[in-house]
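Engineer: Protein chains in written order, with the working numbering: chain Z, 1 to 99; chain B, 1 to 263.
The set of hints was computed from the structure by calculation and includes no laboratory data.
Cβ-Cβ distance ranges computed for the label pairs, FRET-style:
{"#": "1", "chain 1": "Z", "residue 1": "T18", "chain 2": "B", "residue 2": "G221", "range": "31 to 39 angstroms"}
{"#": "2", "chain 1": "Z", "residue 1": "T18", "chain 2": "B", "residue 2": "N87", "range": "48 to 56 angstroms"}
{"#": "3", "chain 1": "B", "residue 1": "A69", "chain 2": "Z", "residue 2": "P46", "range": "51 to 59 angstroms"}
{"#": "4", "chain 1": "B", "residue 1": "N87", "chain 2": "Z", "residue 2": "E14", "range": "55 to 63 angstroms"}
{"#": "5", "chain 1": "Z", "residue 1": "R71", "chain 2": "B", "residue 2": "N124", "range": "30 to 38 angstroms"}
Because the structure is a prediction, the values reported are computed rather than measured.
Note that the Cβ used here is the ideal one computed from N, Cα and C, for glycine as well.
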Amino acid sequence: MRALIEPKPLTHRERFRTALLDFINNALPELDRSPRQQWRVEPDTPLFETGLIDSLAILHLMAFVEQFTGRPVPPRLVVMNHFRTVQAIAETFGLEEEP
Amino acid sequence: MSPVEQCAAPIRQHSALKEFEVTDACIRSMALAQGAQEAAYPALIARDVLCAAEYDRAFPHLLLAAAAARNPEVAPDDLFRLDNLQNPAWFLSPAVCYHTYAQFAGRTLVGPVLITARGKCFRNEGRELSFGRRQIEFEMREIVLLGSGAWIEERLPQLQDEVEAVAAELGIMGRWQVAEDPFFLPRAQGKALLQRLLATKSEYCLDHPDTLALASINRHGAFFGERFRIFNLERSPVHSACVAFGLDRWTAARTRPLLSEPS
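Using the sequences and the accompanying hints, generate a full structural model.
Structural biologist: Structure follows, in structure tokens:
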């Protein structure tokens, strides 16, 4: 039986956010094996204040953002407001068009 | 041979020397008025100190070694051949503040420390050299802060205001911008990204299209406190920061406002 209300398809931004969470929670610990406390990241988890993203992880994170969006991250957008949380990254870079 | 090829730094005499000393005197007076204690450090710095600071990992391309001949009795042409050089224990200081961390290494601070020192610094700048802009040898005055994170965050905005005040006193117009260090290795490039994101480095740049950094504020967190085992009374590593002034650039900005490249 079909549901009465069809679930809304995910927007590009929501797909990006989901992929980012999966990358940080599952792929990044495999790429970056430095011994540190593992956190379960939620969309609003601070990524930097906790020390979760260090100087190696940020390189992987940037590469993921650029690969997913198909665009280089412009230096003008490398500011904390755009990277503080997964939500912030998704809002800035999860647009179909160039931010 | 151009002056830059003959000399690692400008030769100063008469009014040029006076201008240079006046520039430093203004900055030094500000530092002392802010409560800094004055120190004088050597030009050479021990390899172990640079390694403890991880300078060799972050900026290996900038290092200059002080090397001695293994055998001084060889023919003059062979004296400084690579295979006749001793493994260097000393390097030319790339900055002033590393001496401060070494000075306080292993100590427990009973209160915050504010030090100012002027020193000759040396960096293997591969790019085109020009006096007042990019030199292999230059003079730097630094204000180094060691203490709690809260104390440093209280003092840095005051010092930032003071940098602007000194610039105004010397007739220099500038503006602050977030910056990053020229890290070398790929992992260190991640440090540069973190620096930018965390805004741990800001530079006071000449207000001119041809941007030139005159001073910088650098927040290190507990990095040097940990590396040099400098503790507070609670046995936690202290935080550190430094405010650095490139004296050659300040003087050039005063005397050559447009900083055109030398002919």
